[in-house]
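Q: Listed below, chain by chain, are the residues.
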Amino acid sequence: MRWLHALALASLAGTALAGEPLWLSDTPPHGGHDGGRHGHGGPVEVRRGVPYKHLWLRLGDTPRDSGAVAGVAKLSPLVLLDAADRRSEQPVKRDGHGLYDTAFPMPAEGFYNAYLAHEWVQDGTREVKLAKAEVLKHNCREGHDGVEEKMPPRRRDDTPLEILRERRPGENFHSLLSHGDTVTFRILARGAPLAGVPVSFASFHGWTNRALSDAEGRVRFTLVRDYYPPWHEFEKRHPQDYLVSAVHETDEAGEVEGKPYRRTVYRASFAGSYHPSPKDYASHAWGLAFGLFALSFSGGAVYLHRRRRGRDFG
Amino acid sequence: MNPLRQAANDVNLRRLRRWVQMAFFVLLVYGGWFAVNLGDRLPTFACGFNQPGRGGVCFLMPLQHLLAMNWKTLFGWAGLAVLSGTGVFLLWFLVLNKAWCGYACPLGTLQDWITALRTRLGLRAARYSDGQFRRLSTVKYALLALTLLIPLGIGGALLPHEMGTPFCDICPGRTLLPLFTGDASQLAIDFSSGPAMVLTALGMVVTGLFLAGSFVKKRFFCFFCPMSALHYLFSRPALLQLRKEGAKCTRCGDCHQVCDMDIRAIADDVTSPRILQDDCILCLKCVAACPEEGALKATFAGIPIFESTPRGFMRRMHKESKP
Numbered sequence: 098m099r100w101l102h103a104l105a106l107a108s109l110a111g112t113a114l115a116g117e118p119l120w121l122s123d124t125p126p127h128g129g130h131d132g133g134r135h136g137h138g139g140p141v142e143v144r145r146g147v148p149y150k151h152l153w154l155r156l157g158d159t160p161r162d163s164g165a166v167a168g169v170a171k172l173s174p175l176v177l178l179d180a181a182d183r184r185s186e187q188p189v190k191r192d193g194h195g196l197y198d199t200a201f202p203m204p205a206e207g208f209y210n211a212y213l214a215h216e217w218v219q220d221g222t223r224e225v226k227l228a229k230a231e232v233l234k235h236n237c238r239e240g241h242d243g244v245e246e247k248m249p250p251r252r253r254d255d256t257p258l259e260i261l262r263e264r265r266p267g268e269n270f271h272s273l274l275s276h277g278d279t280v281t282f283r284i285l286a287r288g289a290p291l292a293g294v295p296v297s298f299a300s301f302h303g304w305t306n307r308a309l310s311d312a313e314g315r316v317r318f319t320l321v322r323d324y325y326p327p328w329h330e331f332e333k334r335h336p337q338d339y340l341v342s343a344v345h346e347t348d349e350a351g352e353v354e355g356k357p358y359r360r361t362v363y364r365a366s367f368a369g370s371y372h373p374s375p376k377d378y379a380s381h382a383w384g385l386a387f388g389l390f391a392l393s394f395s396g397g398a399v400y401l402h403r404r405r406r407g408r409d410f411g
Numbered sequence: 012m013n014p015l016r017q018a019a020n021d022v023n024l025r026r027l028r029r030w031v032q033m034a035f036f037v038l039l040v041y042g043g044w045f046a047v048n049l050g051d052r053l054p055t056f057a058c059g060f061n062q063p064g065r066g067g068v069c070f071l072m073p074l075q076h077l078l079a080m081n082w083k084t085l086f087g088w089a090g091l092a093v094l095s096g097t098g099v100f101l102l103w104f105l106v107l108n109k110a111w112c113g114y115a116c117p118l119g120t121l122q123d124w125i126t127a128l129r130t131r132l133g134l135r136a137a138r139y140s141d142g143q144f145r146r147l148s149t150v151k152y153a154l155l156a157l158t159l160l161i162p163l164g165i166g167g168a169l170l171p172h173e174m175g176t177p178f179c180d181i182c183p184g185r186t187l188l189p190l191f192t193g194d195a196s197q198l199a200i201d202f203s204s205g206p207a208m209v210l211t212a213l214g215m216v217v218t219g220l221f222l223a224g225s226f227v228k229k230r231f232f233c234f235f236c237p238m239s240a241l242h243y244l245f246s247r248p249a250l251l252q253l254r255k256e257g258a259k260c261t262r263c264g265d266c267h268q269v270c271d272m273d274i275r276a277i278a279d280d281v282t283s284p285r286i287l288q289d290d291c292i293l294c295l296k297c298v299a300a301c302p303e304e305g306a307l308k309a310t311f312a313g314i315p316i317f318e319s320t321p322r323g324f325m326r327r328m329h330k331e332s333k334p
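Line order of the protein sequences matches chains A and B.
Counting from 1 along the first sequence, just add 97 to a position and that's the residue number in the numbering used here.
Counting from 1 along the second sequence, just add 11 to a position and that's the residue number in the numbering used here.
I should point out that these hints are in silico values taken from the structure, not numbers from a laboratory.
Values in this document were obtained by computation on a predicted structure and should not be read as measured data.
Ideal Cβ positions, reconstructed from N, Cα and C, are used throughout, including at glycine.
Among these hints, one or two may not hold up.
Only part of the chain A face toward chain B is listed, based on derived beta-carbon distances under 10 Å [said to hold, decoys possible]:
1) G267
2) W328
3) H329
4) R334
5) Y378
6) H381
7) F387
8) G388
9) S395
SDA-like mimics (lysine to any residue), calculated; alpha carbons at most 25 Å apart, straight line [claimed, not checked]:
10) A:K376 <-> B:F60
11) B:K83 <-> A:R238
12) A:K376 <-> B:S203
13) A:K333 <-> B:F60
14) B:K83 <-> A:G139
15) A:K333 <-> B:G205
16) A:K190 <-> A:G369
17) A:K247 <-> A:F201
18) A:K376 <-> B:D194
19) B:K229 <-> A:A398
20) A:K376 <-> B:A195
21) A:K333 <-> B:G175
22) B:K259 <-> B:A276
23) B:K229 <-> A:G396
24) B:K83 <-> A:G146
25) A:K247 <-> B:Y41
26) B:K83 <-> A:E142
27) A:K247 <-> B:V47
28) A:K333 <-> B:L187
Could you put together the complete structure from these sequences and hints?
A: The following block contains the structure:
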């Protein structure tokens with residue numbers, strides 16, 4: 098809802114998708130959907146007991162200022178790698194509000210990776226936008242067996258540019274990224290690490306950092322605090338979208354739908370979310386003060402009670 | 012007498028219990044590091060906040076989570092999850108009955124260690140009067156009711172969601188057990204919302220009271236434990252039971268003297284064969300301290316596994332009086 102307020106919908110007919118990243122978001126642009134529920138992997142819609150994840154197509158450099166995509170002439174289907182690494186294609190349709198949306202079932206526990214590619218040729222350049230989303234399905238009622246095997250990030254060896262979020266030590270289905278954490282991303286081209294790629298990280302409100310991927314394709318960003326509500330509105334599990342994008346230019350030449358091109362520009366995106374850090378709202382000093390006060394007060398009371406009871410009569 | 016049964020009746024219960032408690036403490040507090048996972052329906056305080064060391068999770072934590080679901084879901088398919096969870100909890104519980112408190116509970120073991128420290132320092136223990144005992148015994152039922160009703164109120168949108176696990180917020184197990192795996196993150200007050208702030212501040216106060224109380228009163232917290240109240244609701248069909256033959260009892264009071272929970276009925280009641288009380292932790296110290304043949308006994312599925320004998324009593328007295 099907030100980004101509908103922030104910006105009018107990007108109306109993108111035909112090939113007018115500009116140089117901004119195209120990305121996938123699971124935040125409902127119109128304030129939720131029927132049967133919506135929040136799980137460990139964010140909002141889902143439950144249909145006959147099976148959670149369905151909705152992903153909306155968005156366009157923009159920063160989460161807050163990105164508009165929902167409302168009018169593209171032709172979109173290829175979304176490629177989904179499910180929790181068991183099975184590949185399928187999911188149609189991307191317009192929802193009741195005219196926005197592009199896809200919904201897929203998440204019956205099994207684990208991570209689902211969704212990929213969307215959109216390409217066109219303009220002025221002899223082939224533009225390829227590659228949006229990726231990694232979403233989790235986890236319900237504690239289904240237990241926590243085999244979580245470690247399901248944690249490693251997955252990649253596609255046939256995608257020309259991909260961003261992968263590496264796991265942090267000890268990360269599990271309950272782990273949340275929070276302010277102050279340093280997150281490592283890997284830039285891969287057809288499964289192989291790609292060095293020297295400019296990568297951009299944008300927080301929800303638009304704080305942006307840029308870095309080049311190293312020899313192993315790695316790039317690290319520290320998540321800055323970007324959430325300053327009044328205390329009575331503060332939510333410690335408030336998710337804030339972030340957007341990572343990478344651009345890679347090659348001299349690949351060819352022809353698409355009869356239009357020749359001399360160079361190719363790949364723009365990959367990866368969106369996720371992070372949360373307030375416990376350091377923002379938890380105080381050890383106050384906790385220890387309360388605990389020590391209770392300990393010394395009750396200990397002192399017992400001591401005085403025993404002294405009074407122990408006095409000689411008379 | 013069968014030599015096996017005689018060996019069981021002669022056992023040095025204090026030493027046996029110390030080792031069993033230690034084994035359970037390691038299993039439930041550090042088990043996770045050794046890939047032990049006993050599930051999240053345990054009838055004892057294996058704290059879910061003690062990650063990744065926990066070897067299982069106390070049932071009160073998922074129970075509160077489940078009850079906090081909206082009523083439409085809870086009284087629909089999710090009700091089955093509550094019932095199946097309670098079923099698994101009962102399967103665990105029915106084996107050991109309240110011995111989960113006396114032998115397995117890490118928080119109980121911690122209290123016993125604090126008691127041992129006090130004994131070494133030569134300080135006497137506090138005892139409750141009969142009136143205090145009666146009044147305090149009801150507190151755990153009130154806490155159990157709140158533990159269940161507050162999440163239900165959240166499911167009905169009557170209470171804020173931050174109160175989703177009210178007992179965990181005030182449980183000293185949450186603040187103290189993670190310390191054994193080097194995690195002090197729970198020793199804090201959560202200022203993210205009003206209800207969270209109040210409950211976590213209360214949790215720190217309860218932690219302070221727990222430490223001071225356990226130092227002067229044996230098993231101080233067990234009087235107030237809602238898990239103990241939940242146990243007692245289901246204790247009758249459990250396999251492990253405590254029985255008394257009143258005709259053999261001389262009312263010497265030894266059993267009451269050694270009782271960590273100060274249960275007077277263990278000595279006074281000579282008419283009830285099922286002598287298990289709601290505050291009992293089934294530590295079986297009363298059986299070990301009884302000098303009368305078969306006056307007190309622990310049975311498993313009706314079969315006596317440990318009973319009082321003059322010989323066992325004398326052997327234990329002899330061992331415990333050695334310097």
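Q: Please go over all the hints and tell whether each is borne out by the structure.
A: Cross-check of the supplied hints:
1. G267: Since the shortest Cβ distance to chain B is 7 Å, the answer is holds.
2. W328: 8 Å, holds
3. H329: 8 Å, holds
4. R334: 9 Å, holds
5. Y378: Since the shortest Cβ distance to chain B is 4 Å, the answer is holds.
6. H381: Given a least distance of 5 Å, the restraint on A:H381 holds.
7. F387: 4 Å, holds
8. G388: Since the shortest Cβ distance to chain B is 4 Å, the answer is holds.
9. S395: Holds - the Cβ of A:S395 comes within 10 Å of chain B, reaching about 4 Å at its closest.
10. A:K376 <-> B:F60: The hint holds at about 17 Å.
11. B:K83 <-> A:R238: 17 Å, holds
12. A:K376 <-> B:S203: Holds: A:K376 and B:S203 sit about 11 Å apart, inside 25 Å.
13. A:K333 <-> B:F60: Given that 25 Å is the threshold and the Cα spacing comes to 17 Å, the pair holds.
14. B:K83 <-> A:G139: Between B:K83 and A:G139 the Cα gap is close to 21 Å, so the pair holds against 25 Å.
15. A:K333 <-> B:G205: 12 Å, holds
16. A:K190 <-> A:G369: Between A:K190 and A:G369 the Cα gap is close to 22 Å, so the pair holds against 25 Å.
17. A:K247 <-> A:F201: Holds: A:K247 and A:F201 sit about 19 Å apart, inside 25 Å.
18. A:K376 <-> B:D194: Cα-Cα ~15 Å, so holds.
19. B:K229 <-> A:A398: Given that 25 Å is the threshold and the Cα spacing comes to 17 Å, the pair holds.
20. A:K376 <-> B:A195: 13 Å, holds
21. A:K333 <-> B:G175: At roughly 14 Å apart (the allowed maximum being 25 Å), B:G175 and A:K333 satisfy the hint.
22. B:K259 <-> B:A276: Holds: B:K259 and B:A276 sit about 15 Å apart, inside 25 Å.
23. B:K229 <-> A:G396: 15 Å, holds
24. B:K83 <-> A:G146: It holds: about 13 Å lies between the C-alpha atoms, which stays within 25 Å.
25. A:K247 <-> B:Y41: OK: A:K247 and B:Y41 at ~23 Å, within 25 Å.
26. B:K83 <-> A:E142: The given pair, whose Cα atoms are some 16 Å apart, holds under the 25 Å limit.
27. A:K247 <-> B:V47: Since the Cα atoms of A:K247 and B:V47 sit roughly 19 Å apart, the hinted pair holds (cutoff 25 Å).
28. A:K333 <-> B:L187: With Cα atoms ~23 Å apart, A:K333 and B:L187 stay inside 25 Å; holds.
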